[in-house]
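K.L.:
So the chains spell out like this:
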Amino acid sequence: GDSVTQMEGPVTLSEEAFLTINCTYTATGYPSLFWYVQYPGEGLQLLLKATKADDKGSNKGFEATYRKETTSFHLEKGSVQVSDSAVYFCALSENTGNQFYFGTGTSLTVIP
Amino acid sequence: EAQVTQNPRYLITVTGKKLTVTCSQNMNHEYMSWYRQDPGLGLRQIYYSMNVEVTDKGDVPEGYKVSRKEKRNFPLILESPSPNQTSLYFCASSPTVPGQGFSGNTIYFGEGSWLTVV
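Going line by line, the protein sequences match chains Z and X.
Going by the working numbering, the first sequence opens with residue 2, and the numbers climb by one from there.
Going by the working numbering, the second sequence opens with residue 1215, and the numbers climb by one from there.
Just chain Z, same shape as in the assembly (with noise of 0.2 Å):
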C-alpha cells in the first residue's frame, strides 16, 4: 500500500542555518504530495505541494521538488528562523484515491 517516510527529528537549528527534511514515499499511482506545518496549539496547514514529477512546490522560502526517479520530496529552506519552529509533515494523495497518508511528522526546532 502507500505510505510515507520522513525523517525521525528532533531537529535542532541555529537561525539562518539550511534546513533538509528528508521524505521519501512508496505510491502504485500518481500521487500528489505535500507538506504541512504544525505551529504549537494549532493545526495543520498546508505549507506547499507538487502534483506531477518534476514539480516545484515552494512557499515562505521552503521548496520541496517531486522526484519520481528517487520516490523523494525533500523540503529545503535555505535560512530558517524562530518562527519556523514547528512540526512538519510529508503527505501523499493518490490522484484517484480516497486516502490521505501522512509521515510520522518532524519536529523543528531553531535556536537565536
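Just so you know, not all the hints are guaranteed correct.
Here are the computed lysine to any residue pairs in the SDA-like style, where the Cα-Cα straight-line distance is at most 20 Å [claimed, not checked]:
| # | chain 1 | residue 1 | chain 2 | residue 2 |
| --- | --- | --- | --- | --- |
| 1 | Z | Lys-57 | X | Asn-1319 |
| 2 | Z | Lys-53 | X | Thr-1320 |
| 3 | X | Lys-1271 | Z | Ser-73 |
| 4 | X | Lys-1271 | Z | Glu-95 |
| 5 | X | Lys-1285 | X | Gly-1256 |
| 6 | X | Lys-1232 | X | Gln-1299 |
| 7 | X | Lys-1231 | X | Leu-1292 |
| 8 | X | Lys-1279 | Z | Gln-100 |
| 9 | X | Lys-1285 | Z | Tyr-31 |
| 10 | X | Lys-1231 | X | Lys-1279 |
| 11 | X | Lys-1271 | Z | Gly-2 |
| 12 | Z | Lys-53 | X | Glu-1293 |
| 13 | Z | Lys-69 | X | Glu-1215 |
| 14 | X | Lys-1271 | Z | Glu-16 |
| 15 | Z | Lys-53 | X | Asn-1319 |
| 16 | Z | Lys-57 | Z | Ser-73 |
| 17 | X | Lys-1285 | Z | Gln-100 |
| 18 | X | Lys-1271 | Z | Lys-69 |
| 19 | Z | Lys-53 | Z | Arg-68 |
| 20 | X | Lys-1231 | X | Lys-1285 |
| 21 | X | Lys-1271 | Z | Ser-4 |
| 22 | Z | Lys-57 | X | Ser-1317 |
| 23 | Z | Lys-53 | X | Gly-1318 |
| 24 | Z | Lys-53 | X | Ser-1317 |
| 25 | Z | Lys-53 | X | Val-1311 |
| 26 | X | Lys-1279 | X | Val-1268 |
| 27 | Z | Lys-53 | X | Pro-1309 |
| 28 | X | Lys-1283 | X | Glu-1293 |
| 29 | Z | Lys-69 | X | Gly-1318 |
| 30 | Z | Lys-57 | X | Thr-1320 |
Output of the computed footprint for chain X on chain Z, the stretches with three or more beta carbons under 8 Å from beta carbons of chain X [what the hints assert, rightly or not]:
| # | stretch |
| --- | --- |
| 31 | 44 to 53 |
| 32 | 87 to 97 |
| 33 | 103 to 109 |
It is worth saying that the hints were derived from the structure and are not from the lab.
Keep in mind that this is a model prediction, so the values were computed, not measured.
No residue lacks a Cβ here, since even glycine has one placed at the ideal position from N, Cα and C.
Given chain Z, work out where chain X should sit, using these hints.
P.N.:
Just chain X now, kept in the frame of chain Z:
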C-alpha cells in the same frame, strides 16, 4: 472565512461517559475525516467519509463511531471512552472530483480537540 470547526477544543471526561466531538466545514467539501495524533505515532486516521451517508474505517476505528447525515457535519462519537483514547483529535475535509478522487486538492484541518479520559 473557509474553515473546519471542531468542538470542544479541550475536554476532560471520565471512563465510560459517552461523548461527541462535533466537526463542521463551510466549504461544501465531499470528503471528511477524523485523525488522532499521539507522540511518536504521527497522525492516524480513525474514520473517513467520501460523502453524505458514506463512511468507512481508517486505521484505528475501534472504540469510535461516526455519522454523516449532512454534508457539512461529521461528528465523532466515543460511546464508552477509555484512557487509551486520551489524545489530540483532528477533523479534516477536502474537495473531491467525481470519479477522480482528490486530484491534487488540499486537505484542510480543524484546530484540534484535546481529549483526556481519566
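K.L.:
Taking each numbered hint in turn, which are not upheld by the structure, reported in ascending numerical order?
P.N.:
3, 5, 9, 12, 13, 14, 18, 20
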